[in-house]
Amino acid sequence: MWVLLVLVVIVGLWIVSAYNGLVSLKNQTANAFKQIDVQLKRRHDLIPNLVNAVKGAMDFERSTLEAVIQARNQAVKVNASGPEGIKQISQAENALSGALSRLLVTVERYPDLKATGNVGQLQEELTSTENRIAFARQLYNDTATQYNTKQQQFPTTLVAGLAHAERTDLWEIEDQAERAVPQVDLSRR
Amino acid sequence: MIGFVLFFAWLGFGGDYIWALSNNHHPFPWLGIVLTAAAIVTAWYAYKTGPEKVLWATGAHELIDPQTDAERQVANVVDEMAIAAGVPRPRIWIVPDPDPNAFATGHDPRDSHIAVTEGLLKICNRDELQAVIGHELGHVKNLDVRLMTTLAALVGAVLLVRDGMGRMMGRGGRLPGRSGGRRAKDAGPLLAILLALWVISWIIAPLVTQLLAMAVSRRREYLADAMSAQFTRNPLALASALEKIESAAAPTESIKRGAAHLCICDPLGRRLTNREGWLADTFATHPPMGMRISRLKGMGYAQLKKEGGSFTNSALA
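Going line by line, the protein sequences match chains F and B.
Sequential numbering of the first sequence, starting at 1, is according to this note's numbering.
Sequential numbering of the second sequence, starting at 1001, is according to this note's numbering.
No wet-lab data here; the hints were simulated from the structure.
Among the hints, a few may not be true.
To be verified - Estimated spans, in silico, between C-beta atoms of each pair:
| id | chain 1 | residue 1 | chain 2 | residue 2 | range |
| --- | --- | --- | --- | --- | --- |
| 1 | F | Y19 | B | P1098 | 51 to 57 angstroms |
| 2 | F | S24 | B | R1089 | 17 to 23 angstroms |
| 3 | F | S63 | B | Q1067 | 32 to 38 angstroms |
| 4 | B | R1089 | F | L13 | 34 to 40 angstroms |
| 5 | F | S17 | B | Q1067 | 32 to 38 angstroms |
| 6 | F | K34 | B | R1110 | 41 to 47 angstroms |
Note that beta-carbon positions come from the ideal geometry of N, C-alpha and C, so glycine has one too.
Let the hints inform the model, and build the full structure from the sequences given.
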């Protein structure tokens, strides 16, 4: 009689702890997803200031700078349109990343430019921004994977239904062109 | 922590028991209570102020408003790693020492500090710096910092107490035999043995604390290396950083003995660090550098194999 009672208590405690674990992971996954947005917004806010800081020094590369500003404005517009446009948002953000990497490559072409204080700082800030977005996505994928795995592993799957655990999607590259090696055209135009 | 307090409680109540045997009446066990209370207060104080003390001892200054490019880079790198690790941003400190090293301290991810030496900033490139910071954040995330910082402060506290007790014992050595001398003869041999054991444990107390500090150090270092590789997805960066740090080799003078086990590389340059085996595992604070580097390269090779990359155009070649 006692043994049965103890067993029931132990199983009950386990159910509670598995349920709580799933809830915690679900919230962490949602948080990690929003973190990506935080970094994207930071990039939107940072770019105009950065571009202004180097406009004087990089006057001869005006077209590259303008491409960056335009891509940024487009990305902001798309983001404001709402959550349904996830595909459009990622397309716009990828376009912005492309424009930024072209800018960074341009800066590499002029070694004297790097010595100019502002431009070196621009490079560092842009690199950091791209890294932050990448790490935010990495954290989201890691957390989502942890959540999915925990839901699917044996004893916890029994509790998954109770905890309303759903399989979350990982952030992935939708446009196959993204996987191609980037072409960098250094010819003078 | 609990072990620490219990150990002192045992010492205190043991002393009371011996006193009771020698006097053959049962006094209020004030020695036990006082010592336990003192241990609790010491432990709490060490826990609370540990990080500040450790940082103060190294002469570090906090990086609040980055001025130079190097400072901006450090601030950015730490931010990026904090994002990848999923922890809040730690406070950054810079130690004015030309020898490359880094350590982490603090209570938990919400209240953590990371310190790097100026030497490290000079010799590492951005990726390597990121890998080192990733290693330190691994320690923070594992709550190694809580364990290690408290133990570092406790080691200091215990040594102080031992010195104090040494002075008291010299003065009060006559106390146990003061009254009830008749009864004392009957309990004679047992009393002597207990007293001897009690005195020996006083001598051993600092050693025990030191051992506790080193007990899991090596495993935690390997774990922090692995976590850095997980955060950066670039184990070769850490391998290359460790190689650079190792070849710079000189002892880091700013980091004192108590904080040695918090650093990425043994600041005292001890020979024991490079040995394997049970003795080295128990007493050394860090694993052999060669072992750490080869494990990281192994991870890099496995990663490369999975991605189908070529061996010749990688850093492993």
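Notebook entry, point to check: Which numbered hints turn out to be false for this structure?
Noted result: 5, 6
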